[in-house]
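Below, each chain spelled out in residue letters.
Protein chains: 2
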Amino acid sequence: MKEKLTLMIPGPTPVPERVLKALGKHPIGHRSPEFQEIVKSTTNLLKWLHQTKGDVLTITGSGTAAMEAGIINTLSKGDKVICGENGKFGERWVKVAKAYGLNVTTVKAKWGEPLDPESFKNLLNKDKDIRAVIITHSETSTGVINNLEAISKLVKSHENAIMIADCVTSIGACNVPMDEWSIDVIASGSQKGYRMPPGLSFVAMSQKAWEANERSDLPKFYLDLRSYKKAADKNSNPYTPGVNLYFALEEALKIMKEEGLEAIFKRHNRHMQAIQEAVNAIGLTLFAKEGYGSPSITSVIPNNDINAEEIRKYIKNKFDILIAGGQDHLKGKVFRIGHLGFINDRDIITVIAALEASLDHMGVLNKPLGTGVAAATKILINN
Amino acid sequence: MKEKLTLMIPGPTPVPERVLKALGKHPIGHRSPEFQEIVKSTTNLLKWLHQTKGDVLTITGSGTAAMEAGIINTLSKGDKVICGENGKFGERWVKVAKAYGLNVTTVKAKWGEPLDPESFKNLLNKDKDIRAVIITHSETSTGVINNLEAISKLVKSHENAIMIADCVTSIGACNVPMDEWSIDVIASGSQKGYRMPPGLSFVAMSQKAWEANERSDLPKFYLDLRSYKKAADKNSNPYTPGVNLYFALEEALKIMKEEGLEAIFKRHNRHMQAIQEAVNAIGLTLFAKEGYGSPSITSVIPNNDINAEEIRKYIKNKFDILIAGGQDHLKGKVFRIGHLGFINDRDIITVIAALEASLDHMGVLNKPLGTGVAAATKILINN
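Chains as they are written, first to last, in our numbering: chain A, 25 to 407; chain B, 25 to 407.
No wet-lab data here; the hints were simulated from the structure.
Same chains, same names: a pair is fine if it fits in one copy or spans any two.
Calculated pairs, DSS-like style, for lysine-lysine (alpha carbon to alpha carbon, straight line, at most 25 Å):
#, residue 1, residue 2
1, K119, K101
2, K101, K150
3, K101, K122
4, K258, K357
5, K278, K45
6, K49, K278
Quantities reported herein were computed from a predicted structural model and do not represent experimental measurements.
Assemble the whole structure, with the sequences as input and the hints as a guide.
Now the structure itself:
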């Protein structure tokens with residue numbers, strides 16, 4: 025039943041009916057007082073979500089635009105930066121930094137492994153001139169969560185560096201207290217934990233980030249955050265924003281507020297645990313190093329050399345659940361289950377049941393049918 | 025009745041119910057074959073709309089992003105460019121060009137007057153090194169249409185220059201045959217003639233524009249059109265696009281195809297004429313020079329020194345029609361009636377009736393009530 029397809033990829037994620045209804049309303053003028061009220065309300069809710077007193081600016085564009093904005097608004101040509109690279113998105117920020125002529129040192133970890141804070145410490149200690157550390161918090165390509173808290177605290181004690189974090193699949197899934205952890209720039213996108221469609225992205229800026237902005241000389245116009253800040257101070261936008269996406273954003277953030285941050289984080293953690301337990305119980309292998317599983321996405325290596333794409337396709341065609349494949353060299357090697365945003369316990373049970381069914385269908389389920397569902401259920405009912 | 029507000033501003037424009045319904049559907053995976061079909065279909069329809077065999081690329085972002093992309097993907101630092109400047113948007117492209125270190129010569133005309141092709145001819149004739157001419161076709165801030173055809177033909181015969189045009193409020197309103205007029209880059213935005221909400225923008229690129237791209241050295245990442253072209257050749261996008269906006273785009277372009285280009289252009293022309301006749305009949309003054317009125321927006325100077333904002337507010341509050349005010353130094357001096365996109369004869373009649381009513385209410389309607397409506401009606405029923 026193609027019309028009943030549900031999304032368990034790491035974005036776009038499922039969208040509540042209330043949000044879709046808001047999205048489908050007739051647009052209004054983006055310079056009207058009615059729209060200013062929406063900008064005001066969403067800005068306040070975004071600050072709540074980021075746990076910050078700083079600015080959170082909304083850009084019409086994808087998460088990549090937000091991340092690029094964070095980089096090019098705080099740095100200058102030739103600036104020394106350290107980029108963490110342990111997946112596809114880490115690689116992307118290296119490309120952005122190089123496209124603008126930054127002087128990039130990379131701290132690498134194998135895909136599936138987390139970045140080691142010690143490596144950042146050593147580099148920061150020996151060079152006062154480093155201007156930024158750029159990392160991906162939850163690496164969507166591998167399902168690994170990096171220790172942003174530890175790395176950000178190292179950056180805080182450095183003389184000149186700011187902390188720039190891609191929190192695209194961590195904001196709205198786990199705790200990312202921007203001010204408490206001293207993160208200077210956070211980028212995120214609407215089609216993730218926000219439980220709304222893609223098209224808006226967000227850049228949060230600390231006071232230290234704005235200070236860095238004053239010396240930034242990289243050319244920019246559409247992504248010049250000074251224009252967004254100036255407009256945001258009047259509850260407006262510098263250019264025509266995605267008006268209908270704003271309607272959806274307001275509704276989505278209200279739903280998040282109703283659920284509450286603690287409950288959101290707990291739900292994602294339970295779902296991550298349930299999937300991990302189920303995967304272990306049926307004898308497949310978790311791709312992320314133990315203890316570093318992302319709260320929003322779990323990468324799994326199939327057993328018996330099965331091509332992961334076959335599992336993905338069977339689950340899509342038979343059970344109308346879209347899960348993600350591996351990216352780049354992981355294509356066919358892993359599949360990825362998204363459990364981010366508007367996901368409930370039923371979704372977790374069904375995706376595990378579908379996974380077991382696909383393995384059984386291929387003749388490689390080495391445990392009785394229901395083993396995975398039982399393991400997941402135990403976590404879900406006891407937590 | 026605030027809930028029944030209708031838009032007659034130059035964007036966002038009214039959106040058909042079919043498009044809103046498409047917008048409000050549940051998102052699908054942006055890497056799925058189902059979505060690739062949508063990219064393929066919209067790309068073909070965009071080429072039809074632009075009357076081109078070249079590429080039309082879709083960016084998630086506002087029209088400003090598309091225009092910036094057109095400039096930074098074809099030019100290099102220090103390049104000599106000529107910018108036409110006879111309104112707010114002309115000014116904006118000068119700012120973009122300067123932000124990226126281009127060497128800008130401006131050709132100016134008073135707001136309300138069109139750009140003079142002769143001025144471009146003189147500059148192009150005396151300098152072989154000019155790399156681009158950048159103009160706004162329909163200047164939204166003043167309601168003036170510039171002679172893009174004539175200017176583009178001058179550029180065609182120049183050795184090195186390409187023609188970059190902001191067609192944000194002309195595409196889908198009047199004839200802009202990209203290939204026939206030898207326009208190299210056309211930028212536009214979804215909330216205008218496309219009759220869908222804001223959030224997507226479009227950059228059309230000729231072969232000559234791609235040749236210019238090969239020597240372009242300006243830094244870019246999110247707006248790097250090579251990534252969009254590479255992805256578009258596989259019916260995909262480089263970054264997560266506004267998936268729901270794509271649903272709306274497909275439906276909107278289908279509606280445009282059903283109406284047909286000739287019918288669309290004729291309708292906009294009739295509406296422009298009807299409003300112009302009505303404005304003259306009731307003794308107000310058209311801001312644009314005669315013969316240079318935009319097919320999508322008409323700027324009007326009120327009589328008896330009435331503040332244009334008062335007329336705008338009265339029409340909004342009493343008749344639930346949102347028209348636009350003047351921008352920058354024209355604030356209070358003019359109001360602007362948008363007649364772009366999903367606008368029918370009834371809308372034209374009602375906005376003129378509302379205008380007459382507001383003047384009557386203020387005691388400055390110097391003609392019998394109904395004079396404007398009569399003038400508009402004559403055009404509408406006889407054309």
